[in-house]
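Asker: Using the sequences plus the hints, can you model the full thing?
Respectively, the protein sequence lines represent chains A and B.
The numbering used here applies: residue 1 is where the first sequence begins, and numbers increase by one.
The numbering used here applies: residue 1 is where the second sequence begins, and numbers increase by one.
I should point out that these hints are in silico values taken from the structure, not numbers from a laboratory.
Keep in mind it's a predicted model, so treat the numbers as computed, not measured.
Please note that the accuracy of each hint is not assured.
Using 35 Å as the maximum straight-line C-alpha spacing, the simulated DSBU-like pairs for lysine-lysine come out as follows [as the list claims (entries may be wrong)]:
no., chain 1, residue 1, chain 2, residue 2
1, B, K74, A, K242
2, B, K115, A, K258
3, B, K5, B, K115
4, B, K74, A, K275
5, B, K43, B, K116
6, B, K5, A, K275
7, B, K30, A, K48
8, A, K242, A, K114
9, B, K43, A, K65
10, B, K44, A, K275
11, A, K242, B, K116
12, B, K74, A, K48
13, A, K275, B, K43
14, B, K5, A, K274
15, A, K114, B, K115
16, A, K48, A, K65
17, A, K65, B, K44
Okay, here's what each chain looks like letter by letter:
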Amino acid sequence: MSTPITFWYGCNVVRHGDIIHTCIDVLRALGYEPSPAGGPDFCCGSPKDGNATALGGMSQRTAEKLDARGNERVVAWCPSCHSQSIDFMEGAYEPRYDMQYFVDLLYEDRARLKPLLVHPVPMRVLVHKHIGFNDRVPVNRMVPELLSLIPGLEVIDEPFAAPGYMCAHLATLPPAMTRMVRQTESVIREKNCDALVTMYHQCQRELVGLEAQGVTRVYNYMQLVARSMGLAYEDHYKALKKAGADAAAAIPAERLQKVGVQFFDRAMLPELLKKTPR
Amino acid sequence: MSAPKVGEKFRSFFESERARILSSCTSCGKCYEVCPMPAYIEKKDGSTSGQVAAGVLGLLRDGTAQGTALEWVKVCMRTGCCVPACPENVNPKMMLRLAKIIALGGYGAAPLIPKKEDRDYFQRIRAFAELELSEDEIREWMT
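Answerer: Below, the structure is given as structure tokens:
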């Protein structure tokens, strides 16, 4: 019998539908019955540090909505959501559910995950790490171990970890971001890596530009899990980054119409054109 | 009985954390000493580590701060090296987070550090959802 679980994927990961769909498929394959929840109506409030009333209102609403799903366990994909939950929501709202981070769940279930990883992914990769968040969940050890379950995949042993806990924050401090990217590129060259592998969507969003810029291939670890499981989801976000100024042409017309061409041009295209600083 | 105001529970938790930190931090400065982010502060004012920590406490106490203390709050990326370094188990990462909320004007005061306003933030997320998820998924997962 499947175990009900709420899969709280967060907000900004909706740029990467392939990652969300892969996580859901993996949870099902591991014996869970996931109830996905995410987007602005489930925002943890962390983007609203400059408005504590909004921050408090949003985080309380989300804790109540997650509680209303009625599952004992909520597994969070996003490190910001997970941190916000542990740092503030548990203390302020005392929700009934237990919070777990997605990598932690995968690691706990790695014996059941391993037989699902059947297709070789012959690649030598550098895992992109941050110092932060690792104190809460030891992702810098867990993700490489999980990746090593994939046949043919070689994870290089590299201690370098970037400051902060994710690149979306670091990108607000260009000197720190540029320095981190240069150090990363240097390791990739020295260790002859085929690809850079991110843990968080916030890093994937900031670093996938390196592939569009011809520096290195960039994947999220769940995209490699998907490949090894034989899941055929496409990475549309990467395709849009690579399309650059022609991104609109790569989007099915009916979907672009829903978004609105003017909104796409004003609010989405600049992100797709943004280069990863190096 | 009137309904609780929006943000009231958060405010209550915020105040309890603020009081806990103010009463337990000794301004030893170990948190600042181990942090990797001061390397990215352009203009340091010569404060010692202890003075920087005391400056952050000032922000928590009365909403005022300047110099390196304020710059440190600005560049905090929640790296978390400060947490195990703290000899008083204060959780300086939380201290900096609360300080940043205050410095951004989160409780209504004039912002002391630049506040990034992105009017399209949530609409952009909804728009990407339109590109990546089905109508059923949006309806069932996002409301």
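Asker: Which numbered hints does this structure break?
Answerer: Those not satisfied are hints 6, 9, 14, 15, 17.
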